[in-house]
Amino acid sequence: MAFDQMIAAGTVAKVIAAWVGNVAGGSGYGFRRAYEQGQPRRIVMEDHSNFTVGLALKAAAMGLPYLPTFSGLGGDIVRGHPRIRPIDDPFGGPDLLAVGALRPDVAIIHVQRADAQGNAHLWGNLGLTVEAAYAARRTIVICEEVVPEAVIRSDPNRTVIPGFLVSAVVEEPGGALPSSVQGYWRRDFEPFLAYHRTSRTPEGFQAWLREWVLDLPDRPAYLQHMGQAAVARLRVSDRRLAAEANFAP
Amino acid sequence: MAFDQMIAAGTVAKVIAAWVGNVAGGSGYGFRRAYEQGQPRRIVMEDHSNFTVGLALKAAAMGLPYLPTFSGLGGDIVRGHPRIRPIDDPFGGPDLLAVGALRPDVAIIHVQRADAQGNAHLWGNLGLTVEAAYAARRTIVICEEVVPEAVIRSDPNRTVIPGFLVSAVVEEPGGALPSSVQGYWRRDFEPFLAYHRTSRTPEGFQAWLREWVLDLPDRPAYLQHMGQAAVARLRVSDRRLAAEANFAP
Amino acid sequence: MTSRYTRRELMVVAAAREIRDREVVFVGMRLPLLGFGLAKATHAPDAVGLFENGVIRDRPAETFIYTMGDPPNIVGAVACLGLVDVMSLLQQGRVDVGFIGGAEVDPLGNLNTTRTSSSGALTRLPGSGGAGDIASLAGRTVLIMEHEPRRFRERVDYITSPGHFPGRRRGGPATLITTLGVFDLSAGRVRVASLHPGVTPEQVREATGFPITIDDHPPATATPSADELAYIRHADPEGFWTGDSMKSG
Amino acid sequence: MTSRYTRRELMVVAAAREIRDREVVFVGMRLPLLGFGLAKATHAPDAVGLFENGVIRDRPAETFIYTMGDPPNIVGAVACLGLVDVMSLLQQGRVDVGFIGGAEVDPLGNLNTTRTSSSGALTRLPGSGGAGDIASLAGRTVLIMEHEPRRFRERVDYITSPGHFPGRRRGGPATLITTLGVFDLSAGRVRVASLHPGVTPEQVREATGFPITIDDHPPATATPSADELAYIRHADPEGFWTGDSMKSG
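Protein chains in written order, with the numbering used here: chain E, 85 to 333; chain S, 85 to 333; chain V, 37 to 285; chain A, 37 to 285.
Hint data in this document are derived by calculation from the structure and do not stem from the laboratory. A few of these clues could be false.
Every beta carbon over 10 Å from chain A, so not counted as near; a handful from chain E, in silico [to be verified]:
no., residue
1, ALA144
2, LEU157
3, ARG284
4, MET310
5, PHE331
Per label pair, the in silico range of CB-to-CB distance [stated by the list, open to error]:
no., chain 1, residue 1, chain 2, residue 2, range
6, E, SER251, V, ALA223, 54 to 60 Å
7, V, HIS79, E, SER251, 35 to 41 Å
8, E, ASP172, A, ARG205, 21 to 27 Å
9, E, VAL315, S, ARG319, 44 to 50 Å
10, V, ARG186, S, GLY176, 42 to 48 Å
11, A, ARG269, S, ILE100, 49 to 55 Å
12, E, ARG281, V, GLY224, 40 to 46 Å
13, S, ARG221, V, ARG269, 38 to 44 Å
14, S, ARG303, A, ARG205, 44 to 50 Å
15, A, THR99, S, GLU229, 22 to 28 Å
Which bits of chain A does chain S cover? Going by a derived footprint, with three or more residues having C-beta under 8 Å, they are [stated by the list, open to error]:
no., segment
16, 117 to 130
17, 156 to 167
18, 171 to 182
We put the CB at the ideal spot given by N, CA and C, even for glycine.
So that you can see chain E by itself, here it is in the shape it has in the complex:
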């Protein structure tokens, strides 16, 4: 949905993605208008599958110009693709595809907690978060809580991003809403449905943009606009703690 919002706002020149839509309804109307009609501006689309975009980031994360894969052979995504080309297996096996490295200028990731150096603990859904943080030239970590470094060091296997890769740490509780953060926030599904409805027309989108972005100076204002009741309903207060892990030497 965030893709769609940025595209519809006219801030995007090029999209490199496997899927652009709305988890609530499928189609992203802002993306469709840009792609089909060039409104509010033309976008260049680099289509991927989940694995090929993941491998493109992983290649950059590994410091490699490309990674090989079998995924996509026989399909149209990889045909004439600017970042994917057929290669031989140097060991004589079946042909492969090379997925060229994708090195974002900036990765912005949301985690549960980090110390002031950017060493970040993340749990729950991972997706491509770690690959993006490794691949990017600059990585910004947004966290629910900046914690004392002893918290991070108590569980170094939970540190998915070492701080020396991180350019900035932002403490912004609820910064991922309306998406969920395991143990902190539930997904607010209604805004996904509402955005799906309202973004069907450019006017609807502009109204949404004014209400939820332009008229809200910061995240506290956003939460206030959501309403205390909604925030309270979404905030996780239950506890289902991970089993103990003893690191004593």
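Using the hints provided, position chains S, V and A relative to the given structure of chain E.
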């Protein structure tokens, strides 16, 4: 050290490794006798660096015939190597090396805890454990404790090996001794020094083999032979617990 | 369609029957997710489900989820890895069956979820997501579609998820489940396996934009048992996915 | 060597001085580990250390460790990843400096830790470990050696860790620290940077198996301060690494 012991016992035909020695002293005398003199039998040695052997396993783990790397260029390890060969970058960058997949018949890994399905929690030192478990045709998980599945499920991010990759689960506390297991056992350094001394001669090795392998029917006998005092000294009783991670939805 | 169950509930039952016990299943959202849960609850208690975001579960989430990254889908998972990890397992050949959908299908089982001009104007669809990868790499795939003439095309406009093609390395479309029937695609053409109760061969011919062979007396798709319906309605209590207006791919 | 400090203590101090503040350091065991700790305690408080087993630390372990996988090296780490993860960061170019050792070195800074026939008979050494990777991929490398004629060879028998060679992508040997002095290798030849107190140019010439240029009045290696010695003796209280009989690479 385990490499050296198996080689000296004559059970190894081929070694694929980046380093074979003894953390206490450097040289592995059993390895040297086999390599230099063919005693007790000739071995074939496939030399690697840590990264290339890691990439060989990772390639198999990813279902790929190879992975590219820049590591090793200009050196002798990769020259005429049976599993490593020079390749072009399909995107026109500098030349690379292709490291061919290494698919072990069996991986045997030691973890802190697993459920009866083999879903395994591992923390502390990881090295190449996960790559080996993914790459192997069969994976045997040895654990300090078989735990109820609710323990594993309380922290799915700690499950580094999903059970459907696991052929067998063995509950064998202390099964990694004299090596350490984070939170369970300290490293017993003395046996590394003792083995280094005694394995200097074939006779010394045979005495070690009799005392520590052939004459001990099982692991409880091994622990008993170590002595109660040693076992008590090595067992971790302190607690340095990982900070809480809340998975509540 | 009778009044006792919706066509989508029938499709969930058909999807469940495509899963054999102990299989590793690449699960999508919507109907496949329900089908996986139903299979687990009935004939395939030891099946394991992989989600493209990295989650591995051996039972469905406790509560309804809108997306596979929703917190309830993490709680109780056996593992929560990254996208590249589960895609690597898929590429390794560790996944027996995967479910995918699309906006268009052709007789070779090619699916399009990228863009189409079937209506005259260009329509942009969300893209592959993980579908292209599952189509490329799973041991076999099950396709789920709304059965409409504009969706069943001699040749899809764009092959997002490749069907049968010469040189395919493994897998390919095995079964197509639609709003009208179940079709066998394993031989590289569309053969009726069963028609949903009340559906006639003529209806199917009219709804299929390419010639299709139908035996004289095709069997009827098995109808949901009371237990199966009970399971589905427990898992999707508001009919979000199994109600009357099914959402496409 | 004076009675106030051992030659190895002097080498630790020299190693520490090779680390600049805020640098990312690939740390080995033994002297480099002590050098890293000393640099952190003095002029480089914000340096970060990577270990090839996946550990990332920004301060030394609280207690003595024999291997980098020992439990005390995990406790207090900022991250504990896998081998491939840290090697990927190395390959990406995120590591400023790495420390390596060897049994033999030549004027180009090539190191051999694999096999040699310098004594007439074939001698097998443990192999690369991570040294070949660090030599290939770090921003620069610091070599640490015992200074003996049989180890300083016109051409090493086997290039385990490549030094300077045409077409090198990045990095290469910057400094060589031996039991006799500190040498600048950055220009692709061996130039004396300093001789340890009491060491004469003649001693160095005799101990070096190839011609070496020494300025008329080479400076003396800076001696350890009381604080530096106090740090080293706290970190290696029994002189395991810094006592009189240094172990080779």
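Exercise. Which of the numbered hints are not met once you compare them with the structure shown?
Worked result: 1, 5, 7 and 11
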